[in-house]
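Visitor: The residues making up each chain are set out below.
Number of protein chains: 2
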Amino acid sequence: MIERLALIGVGLIGGSLALALRAADRVGEIVGCGRARANLERALALQVIDRIAEDPAEAAQGADLVFVAVPLGAMRAVFQALRGHLGAETILTDAGSVKGSVIEDARAVFGSIPPRLVPGHPIAGTEHSGVEAAFAELYQNRRVILTPLPETDPHALQRVAQMWQACGAEVDLMSVAQHDEVLAATSHLPHMLAFGLVDSLARMRENDEIFRYAAGGFRDFTRIASSNPEMWRDICLANREPLSAVLGRFSVELADLADSIRRADGERLLEIFSRAKAARDRYVDRGRIEGPRSGS
Amino acid sequence: MIERLALIGVGLIGGSLALALRAADRVGEIVGCGRARANLERALALQVIDRIAEDPAEAAQGADLVFVAVPLGAMRAVFQALRGHLGAETILTDAGSVKGSVIEDARAVFGSIPPRLVPGHPIAGTEHSGVEAAFAELYQNRRVILTPLPETDPHALQRVAQMWQACGAEVDLMSVAQHDEVLAATSHLPHMLAFGLVDSLARMRENDEIFRYAAGGFRDFTRIASSNPEMWRDICLANREPLSAVLGRFSVELADLADSIRRADGERLLEIFSRAKAARDRYVDRGRIEGPRSGS
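Line order of the protein sequences matches chains F and C. 304 is the number that this note's numbering gives the last residue of the first sequence; the numbers go up by one with no jumps. 304 is the number that this note's numbering gives the last residue of the second sequence; the numbers go up by one with no jumps.
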């Protein structure tokens with residue numbers, strides 16, 4: 009049970025956590041703060057939060073758990089605002105999509121890693137943002153990765169894990185570096201391809217005509233290109249090295265494909281397509297790629 | 009009304025046409041032929057077809073419309089099998105994803121373009137194949153592109169257009185070159201990116217771990233990588249030039265993105281992501297990207 013939950017950032021991620029914990033009857037009061045007043049008023053009207061706080065320090069007052077769900081670029085400023093305002097027992101956790109940069113921010117602000125900081129990342133989301141997009145089932149059957157450090161208090165870790173389990177999620181522990189590499193490959197790289205594809209088509213002169221004939225596959229494929237641009241800029245900057253590495257690897261693959269097409273090398277193309285189909289079918293069949301489709 | 013419809017290839021595309029025409033009460037007898045006997049038996053059991061023909065020539069006998077829905081690589085052999093077996097009034101149409109190569113095949117086999125050949129392409133499909141994947145609603149609210157040539161009989165064109173409209177589709181006319189360029193950009197290129205992405209991840213040593221954390225966005229993004237490898241090999245070979253051109257354009261875009269990430273150029277990244285999101289949101293909102301999601 010969380011008696012008082014402080015949400016720093018009340019958007020899709022923070023709002024859905026609030027709704028899920030309420031649905032599971034695992035939370036008392038929920039206090040929210042954020043940059044956009046209209047969004048907070050909406051959160052209050054939707055009963056996602058019980059009270060609006062003026063800043064992170066006020067939100068954290070008397071909270072047993074502070075959940076930071078802001079864009080990566082805002083993380084350091086939130087930590088600065090929280091410094092000196094966290095109770096001795098208050099647990100601090102976050103939803104940042106890159107863990108290395110969050111930990112760097114924490115170290116820079118707090119001087120060392122606070123034992124009650126539990127870095128986390130729910131692998132869930134849709135291309136929509138803001139509290140209106142939040143829903144209680146977002147985390148059901150989804151994975152949440154926690155990346156505890158040697159400094160992390162095991163009791164704090166356990167409480168954060170229990171919080172996510174109460175929302176229907178499966179919790180996995182991972183090292184920071186492993187998390188950032190896995191996410192670069194499975195999330196950050198696909199987003200780059202979707203953004204890049206839509207942008208390259210949008211810049212073609214005949215783009216009106218072109219989008220007109222884009223069918224269902226294109227719609228699915230490019231859904232993630234409707235994601236929040238500022239959030240994705242921050243992710244790219246925060247995860248530069250692992251993302252650059254997978255982008256490099258993909259560029260080699262794409263050059264190989266393009267070369268096979270130019271050379272009309274049907275055997276090579278069949279080999280690539282067959283291996284890709286087998287991998288996707290195998291992992292989907294084994295339930296490795298889970299969860300409902302993101303909303304549209 | 010089509011008194012006798014000959015289906016050369018009874019898979020997702022041919023089978024769904026049969027089911028849609030039956031549902032609309034626009035077809036008499038449906039005769040099917042294809043390479044895989046088991047699939048044809050299944051089509052008969054599912055009442056997608058009324059009778060199995062041994063070869064295209066037998067199927068075409070007495071048919072008022074012959075619909076060829078086979079992989080592009082099999083198109084020429086089907087035309088060869090049909091030569092000399094089409095009635096004077098028989099209309100010949102197809103569902104090939106590349107129109108230039110189909111017309112080249114027709115010209116090579118028939119010596120010139122038969123006036124009753126109406127090249128066509130329904131912009132519909134799922135990543136599944138075979139008659140079991142067929143359903144009557146596949147073409148509802150989808151676009152079908154017809155690419156008539158100067159030789160094409162207007163009456164034949166009209167009958168094929170009416171057939172697709174009876175299935176709930178919207179028919180557009182386009183030049184062959186325009187079709188092949190638009191499809192390279194909106195369908196063939198996205199498939200290359202999805203196949204390439206899944207293959208490049210599958211080749212990483214930690215691929216088991218990696219796919220385990222792939223979430224909803226990845227599932228949507230890579231759905232098209234579960235498509236039929238042979239079909240896609242054929243499409244790549246048949247549409248080499250337009251596809252190479254858009255691949256080249258995309259590679260430049262991706263290199264720009266990768267470079268912006270390496271240089272930590274947040275402004276440039278924000279510009280690209282914002283332009284892409286705006287384009288996708290605009291066209292989706294305007295209903296330009298239509299139709300239900302492809303099945304999963």
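If you're looking for bench data, these hints aren't it; they were derived computationally from the structure. For glycine and all other residues, C-beta sits at the position ideal for the given N, C-alpha and C. Each hint should be verified, as a subset may be incorrect.
As the list claims (entries may be wrong) - Some chain F residues judged to face chain C by a derived CB distance under 7 Å, without partners named:
no., residue
1, 10
2, 200
3, 233
4, 237
5, 245
6, 272
Visitor: Given residue 10 of chain F as an interface hint, is the shortest Cβ-Cβ distance to chain C below 7 Å?
Guide: 25 Å, violated
Visitor: Do the numbers back the hint for residue 233 of chain F, that is, is its least Cβ distance to chain C under 7 Å?
Guide: With a minimum Cβ separation of about 5 Å from chain C (threshold 7 Å), the hint on residue 233 of chain F holds.
Visitor: So, residue 200 of chain F near chain C? Judge it on the closest CB pair being under 7 Å.
Guide: 6 Å, holds
Visitor: Using the nearest Cβ pair, does residue 272 of chain F come within less than 7 Å of chain C?
Guide: Hint on residue 272 of chain F: holds, closest Cβ of chain C at ~6 Å, below 7 Å.
Visitor: Holds or violated: residue 245 of chain F as interface residue toward chain C, Cβ cutoff 7 Å?
Guide: Hint on residue 245 of chain F: holds, closest Cβ of chain C at ~6 Å, below 7 Å.
Visitor: Mind checking the CB of residue 237 of chain F against every CB in chain C and telling me if the closest is under 7 Å?
Guide: 4 Å, holds
In the structure shown, a violation is registered for the earlier hint numbered 1 alone.
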